[in-house]
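Chemist: Listed here are the chains, written in short residue letters.
There are 2 protein chains.
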Amino acid sequence: MPEHTKGVNEDTATLNLRWADALIDGIVATGVHHAVISPGSRSTPLVLAIERRRDITNWHHPDERSAAFFALGLASHDRKPVIVIATSGSAPAHWYPAVIEANRGNIPLLLLSADRPPELQNCGANQSVDQNRLFGTHVRGFHDPGPASPEAIDYIQALGVRAGHQACWPNPGPVHLNLPFREPLVPKLFPKSPKSTTKRTPPEPSIIADQDQLTRIHACISKQPGLIVCGPKTFHPGFPNAVTRLAEVLGTPILADPLSQLRFGNHDLSHIISRYDSFLRNPDFRQQHQPAWVLRFGAAPVSKTLLSYLKHNGAHTLLCDPLGNWPDPLHQVTEMIRATPTLLCQQLLEMNPVSAGGNWFKDFAAQERAINNRQPAPESLPFEDKIIGEILECIPSGATLFSGNSLPIRQLDRWSGTSGKAIRILANRGASGIDGNISTLLGIAAASNEPVVGLLGDLTFFHDMNGLLAMRDLDATIILLNNGGGAIFGQLPQAELKGFEKHWLMPTGLDFSHAAKLFGIDYRRITKQAEFRPALREAIAAKQGTIIEVMIDRKLSRQRQTDYWQSITGERSQA
Amino acid sequence: MPEHTKGVNEDTATLNLRWADALIDGIVATGVHHAVISPGSRSTPLVLAIERRRDITNWHHPDERSAAFFALGLASHDRKPVIVIATSGSAPAHWYPAVIEANRGNIPLLLLSADRPPELQNCGANQSVDQNRLFGTHVRGFHDPGPASPEAIDYIQALGVRAGHQACWPNPGPVHLNLPFREPLVPKLFPKSPKSTTKRTPPEPSIIADQDQLTRIHACISKQPGLIVCGPKTFHPGFPNAVTRLAEVLGTPILADPLSQLRFGNHDLSHIISRYDSFLRNPDFRQQHQPAWVLRFGAAPVSKTLLSYLKHNGAHTLLCDPLGNWPDPLHQVTEMIRATPTLLCQQLLEMNPVSAGGNWFKDFAAQERAINNRQPAPESLPFEDKIIGEILECIPSGATLFSGNSLPIRQLDRWSGTSGKAIRILANRGASGIDGNISTLLGIAAASNEPVVGLLGDLTFFHDMNGLLAMRDLDATIILLNNGGGAIFGQLPQAELKGFEKHWLMPTGLDFSHAAKLFGIDYRRITKQAEFRPALREAIAAKQGTIIEVMIDRKLSRQRQTDYWQSITGERSQA
Chain X
7 MPEHTKGVNE
17 DTATLNLRWA
27 DALIDGIVAT
37 GVHHAVISPG
47 SRSTPLVLAI
57 ERRRDITNWH
67 HPDERSAAFF
77 ALGLASHDRK
87 PVIVIATSGS
97 APAHWYPAVI
107 EANRGNIPLL
117 LLSADRPPEL
127 QNCGANQSVD
137 QNRLFGTHVR
147 GFHDPGPASP
157 EAIDYIQALG
167 VRAGHQACWP
177 NPGPVHLNLP
187 FREPLVPKLF
197 PKSPKSTTKR
207 TPPEPSIIAD
217 QDQLTRIHAC
227 ISKQPGLIVC
237 GPKTFHPGFP
247 NAVTRLAEVL
257 GTPILADPLS
267 QLRFGNHDLS
277 HIISRYDSFL
287 RNPDFRQQHQ
297 PAWVLRFGAA
307 PVSKTLLSYL
317 KHNGAHTLLC
327 DPLGNWPDPL
337 HQVTEMIRAT
347 PTLLCQQLLE
357 MNPVSAGGNW
367 FKDFAAQERA
377 INNRQPAPES
387 LPFEDKIIGE
397 ILECIPSGAT
407 LFSGNSLPIR
417 QLDRWSGTSG
427 KAIRILANRG
437 ASGIDGNIST
447 LLGIAAASNE
457 PVVGLLGDLT
467 FFHDMNGLLA
477 MRDLDATIIL
487 LNNGGGAIFG
497 QLPQAELKGF
507 EKHWLMPTGL
517 DFSHAAKLFG
527 IDYRRITKQA
537 EFRPALREAI
547 AAKQGTIIEV
557 MIDRKLSRQR
567 QTDYWQSITG
577 ERSQA
Chain R
7 MPEHTKGVNE
17 DTATLNLRWA
27 DALIDGIVAT
37 GVHHAVISPG
47 SRSTPLVLAI
57 ERRRDITNWH
67 HPDERSAAFF
77 ALGLASHDRK
87 PVIVIATSGS
97 APAHWYPAVI
107 EANRGNIPLL
117 LLSADRPPEL
127 QNCGANQSVD
137 QNRLFGTHVR
147 GFHDPGPASP
157 EAIDYIQALG
167 VRAGHQACWP
177 NPGPVHLNLP
187 FREPLVPKLF
197 PKSPKSTTKR
207 TPPEPSIIAD
217 QDQLTRIHAC
227 ISKQPGLIVC
237 GPKTFHPGFP
247 NAVTRLAEVL
257 GTPILADPLS
267 QLRFGNHDLS
277 HIISRYDSFL
287 RNPDFRQQHQ
297 PAWVLRFGAA
307 PVSKTLLSYL
317 KHNGAHTLLC
327 DPLGNWPDPL
337 HQVTEMIRAT
347 PTLLCQQLLE
357 MNPVSAGGNW
367 FKDFAAQERA
377 INNRQPAPES
387 LPFEDKIIGE
397 ILECIPSGAT
407 LFSGNSLPIR
417 QLDRWSGTSG
427 KAIRILANRG
437 ASGIDGNIST
447 LLGIAAASNE
457 PVVGLLGDLT
467 FFHDMNGLLA
477 MRDLDATIIL
487 LNNGGGAIFG
497 QLPQAELKGF
507 EKHWLMPTGL
517 DFSHAAKLFG
527 IDYRRITKQA
537 EFRPALREAI
547 AAKQGTIIEV
557 MIDRKLSRQR
567 QTDYWQSITG
577 ERSQA
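Chains as they are written, first to last, in our numbering: chain X, 7 to 581; chain R, 7 to 581.
Incorrect hints may appear among the rest.
Chain R regions said to be covered by chain X (calculated; three or more residues, Cβ under 8 Å) [said to hold, decoys possible]:
| id | segment |
| --- | --- |
| 1 | 88-102 |
| 2 | 190-196 |
| 3 | 288-302 |
| 4 | 376-382 |
| 5 | 445-457 |
In short, the hints are calculated from the structure, not lab data.
For every residue, glycine included, the Cβ atom is placed at its ideal position computed from N, Cα and C.
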């Protein structure tokens, strides 16, 4: 128990603040330095504890849903837990979509919900709902330390440390602390701030694969044609060099998802293949290129074409995941390897594996090159392929590109190519929802000193419009691809149904320039491709929030895509 | 198993639709006739089943949060379950705030979330999250019938009937059905629509109190001064007459919350007291008027003044609730009566209870009259008391007034008075959140043929701004009381803290006229009281969505309220 906290007969409000102080101090010891706050009375002790620290930047949002996604953005940029605070009642329930995304996307969050004390629970008291295990199976941990108690100050401080650690290891994700407070909530005299705890969180350990397993794997990948598939994951900084070196030694293509962060950067790009969603549509190529083994890192890749290629190909499939995950939606994994990816690559390299030789890698590289060299059909209207190309050309090294789900991430997957520029690509691919994307993007912008550009469809934009409230003071550019509703459904069989527009496409029909005015954000509408590049350059140079709405003709875009697939795969293409 | 469903080797898509058809048919048999749909692919069989029925009106909203609150509005108007449909992933998590409100507010909802089948669960498949018991303790029931099966069509139809009943009895509330579907989802040939089920839901039974308990209660309430307190609840249509007759016989005031629906209507209003939040602030009156007994119906009333008067007054406190609720946040209830409220009143009347006589009732009635006759301080600026008075004067009998939480419901409680006009007052008082209020209001408007007027603060308005998307085609008037943020916090000790505006008030600073333009809604801004009445009359006559923003000076309003309290209670008033 810290020195200053010893006090007999202290009042409830002072005790509440001392309790919150100790908790926040414990959390801060784990490296946390952002808090996102929504308004409320019951959460007052927590807000006061945050307010009087200089080592936490606090952010505010009256819509808890946007607040939680904003925190998710901060945390996905920094890879450190972010505190989220809301009052009691239905308020923390608005966090749920972001909690689910954080859970599936492995983003650390510390959810601090204020609550009413036991005597106001389950007896019809105002704004009291059952907040116990509010997020069910979707959190790494749930803690209910009860109302503030002078006997347990050291416990709540230790719980802060522990919760911060639990949000990071073994599997990063959200941790929920439900914190009941008795009234009064505002102390008349403020207690001294707590002495910082000397407690430390353990650093992340290394996970080394079993030696017998390594021998087996080495035998499997040597002298046989194989594939390395890197899906969405934030790998350690050493991973790109380790995995590309392994690929080079083995003569193996790396099929790299845009969210593997392998397509962009100053590592060796010679074995990175990014155009597989195009050329794997060609059944002849698929048939003639069946790998003997597949070594997977990270989550399942975005491309359905790649997934169908990996399904039932008979390859010995190895999946490297250091922890308890099992990201194998195809049920093709022969063997799971529990190892830190970078270390696994390094250990395999030390065992001197031998390439299968032949044209295996060259064939993949030739496909990649052919598509890179292709000239897209000239067109004055804006389309996603050209928009994405120009974004990647215009944004500087160090910038972050945040991609919306649904069509944007699939189009980015198809059309990004590779580049030596260090561009970080982020997306909410945990639950892959169209929700909270504006707030996530703005949270990333809040954490970043470099330009942040978002690529969002119009339904995604609409879904989190309230998130724009945080944009006024932030430097971020939103490219709003307006194709008139949920255009991804136009690529599904539902497009042929008579209720298609009403039940699936659901265009909002809104003129989003009014949304920009409402939230006081610079806005440009683009109807010609030629207007896009200068608008984007201007937005990035302006260093303030800008929305560039790009009007896309859904049907023409669909046709352009179909034409493209036919041009590279011939009549037998799989649309 | 219905005749037409027998088919060997039917394809998965046809089976999915047949399964959804049977489920929806079972649900419709329980009296359901509205469905609110958000976009998605996995939910296609459910949407197709809804689409091909003529007895379900379907509504659409791309933001699932607003969709669920819209359904809550429909259901709170009709008191019948409403279907809500969303796709898999984080989509149904956006329902959570509305689910919590429906749970605590006893509003029946049927939540149909589409899901991916078991083989795509917990293996890293896209948009698959754990939807099992997604809403934890906040639903009346959770059902996981598994993927469509030709052997279990009669089961899924019966489950529809059962879920509809479970949402209504014994305690109305939300019921969640999680429905996994295997692809493909769109059948090539549509199966015949199902024959309507002959299954029926049992009608609501009567709950009659124990005879010994009745005798005890009769003895307690006879010849002793007491109070009847009616809190928020939708009572049976016979209740107003039964309870007012009981009050008359006993010479007992009925302290009637605005949400008891007793303040307005063509029943006997002579014993209805509505001004208690004002006159019970007078400590002299409180001290001289201590009841020997209190008979409570419904939830705890909104007025904190009334609650503090009921706390520790030593009265024998009886709480009539027919079911398993225990709405006693004061912990003062001596005895719970399990009976249908109307029947309890009628049975007690049949026992011929005797009034205590004296001035007991007259004293309450005199206080009520004195405040009714009071002339508010003249003022050209708009303030809540005058706005509320004019709304109640302008809206016709049969209209619904929906009140936001936080300040509006408390101000309505203070200033509504009583009237013979049949005005229904609704509010989301389950969790009493500032969330989803626009959508709830619009759901009520969608169910109603009479004018619907909402009274919402600016933070409440902001929180559910996306809900406005449903307003274009509906006849509803929103009175937006803009007092610059969470003004209720200005009445709490937090108002004195230096971070008050940043952490608690959190004004959005938005010009809401742009929101009206964005959503294509008529808009008027009012800065003088005299402008309000013509604007409201015009809006009601226009029979289309209108927003009337009333600019309120938060500090002057607070001062006006303090002055008022002092004028009626003297120096010893409790602010």
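Chemist: Confirm or reject each hint.
Modeler: Here's how the hints hold up against the structure:
For the segment 88-102 of chain R, the stated coverage by chain X is satisfied: 6 residues place a CB nearer than 8 Å to a CB of that chain, which reaches the threshold of 3. Counting residues of the segment 190-196 of chain R whose C-beta sits closer than 8 Å to any C-beta of chain X gives 3, which meets the bar of three, so the coverage hint holds. A stretch counts as covered by a chain when three or more of its residues have a beta carbon under 8 Å from one of that chain; for the segment 288-302 of chain R and chain X the count is 0, and the coverage is violated. Taking a C-beta to C-beta cut-off of 8 Å, the segment 376-382 of chain R contributes 0 residues in contact with chain X, too few for the three needed, and the coverage statement is violated.
Requiring three or more residues with a Cβ within less than 8 Å of a Cβ of chain X, the coverage given for the segment 445-457 of chain R is violated, as only 0 such residues are present.
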